[in-house]
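Protein chains in written order, with our numbering: chain A, 1 to 109; chain B, 110 to 460.
These are computed hints drawn from the structure, not numbers from a lab. Computed from a predicted model, the values in this text were never measured in an experiment. Heads up, the beta-carbon is just placed ideally off N, CA and C, and yes, glycines get one too. Keep in mind that the hints are not guaranteed to be accurate.
[Stated by the list, open to error] Computed cross-link-like contacts, DMTMM-like style, restricted to lysine to aspartate or glutamate with a CA-CA straight-line distance of at most 25 Å:
#: 1; chain 1: B; residue 1: Lys298; chain 2: A; residue 2: Asp17
#: 2; chain 1: B; residue 1: Lys142; chain 2: B; residue 2: Asp159
#: 3; chain 1: B; residue 1: Lys357; chain 2: A; residue 2: Asp3
#: 4; chain 1: B; residue 1: Lys298; chain 2: A; residue 2: Glu22
#: 5; chain 1: A; residue 1: Lys21; chain 2: B; residue 2: Glu340
[As the list claims (entries may be wrong)] If you anchor each label on the Cβ, the simulated ranges turn out as follows:
#: 6; chain 1: B; residue 1: Tyr342; chain 2: A; residue 2: Gln80; range: 35 to 41 Å
#: 7; chain 1: A; residue 1: Gly5; chain 2: B; residue 2: Glu340; range: 49 to 55 Å
#: 8; chain 1: A; residue 1: Glu26; chain 2: B; residue 2: Asp164; range: 19 to 25 Å
#: 9; chain 1: B; residue 1: Lys360; chain 2: A; residue 2: Arg91; range: 49 to 55 Å
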Amino acid sequence: MVDFGFTLVPSSRINLDLFDKEKYEELVSMEPDVRICMACGSCTAVCTAGKFVHTSLREAMEDIFNAKTDNALESLRACQLCGKCAMVCPRGINTRHLIMSITKVYSKK
Amino acid sequence: MKNNILIIGGGPAGLEASAQLQRMGYNVILIEKSPKLGGHLAKWDRLFPDSVPADEVLGSLLRGAEGVKCFTDTDVRAINRLDKSYNVRLTNGITVLSDAVLVASGFDLFDAVKKEEYGYGIYDQVMTNADLEAYFKTGSDPRIEHPGRIGFAHCVGSRDEKAGCRSCSKVCCATAVKQAIEVKQAFPKAEVYCFYMDLRLFGRHYEDIYLKAQKEYGVRFIRGRVAEVSENYDGTLLVKAEDTVAGKPLKVTLDLLVLMAGMRPSASGKAIGDLLEMQVEEDGYFAVRGGIAAGQRSPIPGIFLAGAATGPKTLPETLADARAAAMEVDRYLTEIFPDAKNYKQLVKERW
Numbered sequence: 001m002v003d004f005g006f007t008l009v010p011s012s013r014i015n016l017d018l019f020d021k022e023k024y025e026e027l028v029s030m031e032p033d034v035r036i037c038m039a040c041g042s043c044t045a046v047c048t049a050g051k052f053v054h055t056s057l058r059e060a061m062e063d064i065f066n067a068k069t070d071n072a073l074e075s076l077r078a079c080q081l082c083g084k085c086a087m088v089c090p091r092g093i094n095t096r097h098l099i100m101s102i103t104k105v106y107s108k109k
Numbered sequence: 110m111k112n113n114i115l116i117i118g119g120g121p122a123g124l125e126a127s128a129q130l131q132r133m134g135y136n137v138i139l140i141e142k143s144p145k146l147g148g149h150l151a152k153w154d155r156l157f158p159d160s161v162p163a164d165e166v167l168g169s170l171l172r173g174a175e176g177v178k179c180f181t182d183t184d185v186r187a188i189n190r191l192d193k194s195y196n197v198r199l200t201n202g203i204t205v206l207s208d209a210v211l212v213a214s215g216f217d218l219f220d221a222v223k224k225e226e227y228g229y230g231i232y233d234q235v236m237t238n239a240d241l242e243a244y245f246k247t248g249s250d251p252r253i254e255h256p257g258r259i260g261f262a263h264c265v266g267s268r269d270e271k272a273g274c275r276s277c278s279k280v281c282c283a284t285a286v287k288q289a290i291e292v293k294q295a296f297p298k299a300e301v302y303c304f305y306m307d308l309r310l311f312g313r314h315y316e317d318i319y320l321k322a323q324k325e326y327g328v329r330f331i332r333g334r335v336a337e338v339s340e341n342y343d344g345t346l347l348v349k350a351e352d353t354v355a356g357k358p359l360k361v362t363l364d365l366l367v368l369m370a371g372m373r374p375s376a377s378g379k380a381i382g383d384l385l386e387m388q389v390e391e392d393g394y395f396a397v398r399g400g401i402a403a404g405q406r407s408p409i410p411g412i413f414l415a416g417a418a419t420g421p422k423t424l425p426e427t428l429a430d431a432r433a434a435a436m437e438v439d440r441y442l443t444e445i446f447p448d449a450k451n452y453k454q455l456v457k458e459r460w
């Protein structure tokens, strides 16, 4: 087929039917508290890396639940594991461990 | 002579108020339009937040109201005010001369058919919270056969001006969380989604069951109202909403969608309100005389209100309201009929 140079823009829609349950269960087994995030955004608000580069654990969690795991990794790429987010999380999630677990599980292709 | 008190509505509010007023020594007549006492409570399986069986609570209410004269299948035909009392003609042919009337007419569940975009009554796999409770109670429903993916749509007939329901129904958030947990208990492998705008988990232990739903049962809470539902060829449902946290449109295929139908003023309560010319506020519920200070007195002397007749209430709130109404009735009757031979008067004379 002749290549006209046009490409389709990937859909910005969330399709929950694409959610990878197995990988998510793997993440839950490493860090069960992944389930209890209530998307308050405290972690993102205090993020030291986030002042300079787009970084958001809250968005990364959302992206995992919404089957957009590449975006999740991108939102955590600049994280330096300083652990400040763990100090402010109102539900006491070990966010530092959570970020490492997310990276471990979803970097495997 | 003892004072007669007519209580309209045999739900939790009516039953609790009858029990209290009977204990105070009054002559209580309770009428209920349906064949059975208990109101909505009789149709429910378990209650939030602790999943107490509804039958247990209803049982204790019925035991408390033992000895009260109950007329089921009975409504008010006509009512007219005499000097101090009310002459009430009932549909069973009996006429009651009542010194106080307590309206405990409760609520109706919002008719989910009105939200056509959700497809209740059109698509097979859409049901309401009441249908799900009936399933838990009876254990059978043709719509529920090992569902793999179940959604709960919050605020159906609540906070929806277009549907004529501006107010929050208060109890559906906690009910949805409770039912989501129960569905996971029944079908542990199922994925459960709750579509909400805000989660209003204001009461004691409510936040605990929310955390439990997330932590122990893995229920997924999605902030965003269900916008539309369509049916796939295979009978499953395609649900569309916006995930307003992610700021993106979302779709998901579900085997079952449960609509959290909200509370509306009861139609039969409105009919009684019309007979009494009772004042109704813009939201459709009865107006109270003193607002915060006297929430159980209607603006008409001798007419009292309890329970969801004055707006959505949880069951404990309804019971507390019924007890408060009983106190208000007692205070009123003591003032208006100081010579009546009620329990308190008899005790005084004996001493």
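Against the structure, the hints:
no.: 1; hint: B:Lys298 <-> A:Asp17; result: holds, 16 Å
no.: 2; hint: B:Lys142 <-> B:Asp159; result: violated, 30 Å
no.: 3; hint: B:Lys357 <-> A:Asp3; result: violated, 31 Å
no.: 4; hint: B:Lys298 <-> A:Glu22; result: holds, 12 Å
no.: 5; hint: A:Lys21 <-> B:Glu340; result: holds, 24 Å
no.: 6; hint: B:Tyr342 <-> A:Gln80: 35 to 41 Å; result: violated, 50 Å
no.: 7; hint: A:Gly5 <-> B:Glu340: 49 to 55 Å; result: violated, 40 Å
no.: 8; hint: A:Glu26 <-> B:Asp164: 19 to 25 Å; result: violated, 42 Å
no.: 9; hint: B:Lys360 <-> A:Arg91: 49 to 55 Å; result: violated, 29 Å
Violated hints, listed in ascending order, are 2, 3, 6, 7, 8 and 9; each of the other numbered hints is respected by the structure.
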